[in-house]
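Undergrad: Construct the complete structure from the given sequences, taking the supplied hints into account.
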Amino acid sequence: QKMPSYTIVMEFLLMGFSDVWELQVLLAVSFSLMYLVTLIGNFLFVFVTTLDKSLHTPMYFFLRNLSFLDACYISVTVPNSCVNNLLNSSDISKAGCVTQVFLVVFFVHAELLFLTIMARDRYVAICQSLHYPVIMNPQACVQMTLASILSGLVYSGFHTGITFRLPFCQSNIIHQFFCDIPSLLKLSCSDTFSNEIIILASGLVTGGGSFIFIIRSYIHMFSTVLKFPSGTDRAKTFSTCIPHILVVSVFLSSSFYMYIRPSAIPATIQDVVLSLFYSVIPPFFNPIIYTLRNEQMKCAIRKIMKKIFQSGN
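The sequence shown begins at 4 in our numbering and counts up one residue at a time.
Please keep in mind that the hints were generated in silico from the structure rather than gathered at the bench. In this text, a Cβ means the ideal position worked out from N, Cα and C, and glycines have one as well. Errors might be hidden in some of the hints.
[What the hints assert, rightly or not] The calculated EDC-like cross-link candidates involving lysine to aspartate or glutamate, where the alpha carbons are at most 16 Å apart (straight line), are:
#1 K310 / D55
#2 K309 / D55
#3 K306 / D55
[What the hints assert, rightly or not] With beta-carbon atoms standing in for the labels, derived distance ranges:
#4 V276 / Y135: 40 to 46 Å
#5 D94 / K56: 47 to 53 Å
#6 H134 / F241: 22 to 28 Å
#7 I291 / P269: 33 to 39 Å
TA: See the structure below:
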């Protein structure tokens, strides 16, 4: 029996949002501004929470980690997309694609675990406030962070490995503005059923498990907070918890849709737009939610600005 002849793919073409040059430039400028705002917001948060001793608490330790992670996460996809749009180019090497897939999966996994740890931190602070210093001690905080990073590296390494052991042939066009696993599975000329089952199972265990844990934590928190006398404490808790739930919901629902649906479903421009909701929107909105809505952060920024201004004079 004659084997079918395939051309093995050594580089891929990323299909962005539009083929129109003017629209590509407009998108590149918009993405660049969004990227700049995201970097400034996240690094400002890291800078302020590092300098201000009053913010050296478990909550701000995790938020600082999340901000640094977000700055790295958005740097994996957006700058490359902006350069491609401006140069009217769309090619990416196989090595570049492997790197993007590994880093995107790693940051998605780590972000999810950090959001879960933050929900636990808030739960302990509100529902077990007397035991908070013991449960959320500095050693435990560092251990949880390292566990999230190490499990992210293992998870990402495994998924990248089983994706790129597949042969890619015939078409090399990825209907996405960065390399991601669902788009790559569509390009494989071998059976991807086992890959899809593994993605579904691991997604349900990690994503579903984290979501259930976060929701349970917030149900307990809200039931505890509603027992407080109505006033500032109650309003303050709701103002910090609700944006966190929104970010988690948008992040999880969009990534679930992209990674868990069957690869047989053809790609559309809506998929490219939807991928923004887990790759660009969370890193962009996290510093806005945790800085502009946070009185402690605003106070710390004013203090640091005052010091800088006084030393300048």
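Undergrad: If a hint holds in the structure, say so; if it doesn't, say that too.
TA: Results of checking the hints against the structure:
With a CA separation close to 12 Å, the supplied pair K310 and D55 stays within the 16 Å bound. This hinted pair checks out: K309 and D55 have alpha carbons roughly 13 Å apart, not beyond 16 Å. Taking the CA atoms of K306 and D55, the gap is about 9 Å. The hint holds against a cut of 16 Å. The beta-carbon spacing between V276 and Y135, approximately 41 Å, falls within the hinted interval of 40 to 46 Å.
With their beta carbons about 49 Å apart, D94 and K56 fall inside the hinted range of 47 to 53 Å. Taking 22 to 28 Å as the suggested C-beta distance range, the pair H134 and F241 conforms, at roughly 23 Å. For I291 and P269, the Cβ-Cβ distance of about 35 Å falls inside the hinted range of 33 to 39 Å, so the restraint holds.
In this structure, none of the earlier numbered hints is contradicted; all agree with it.
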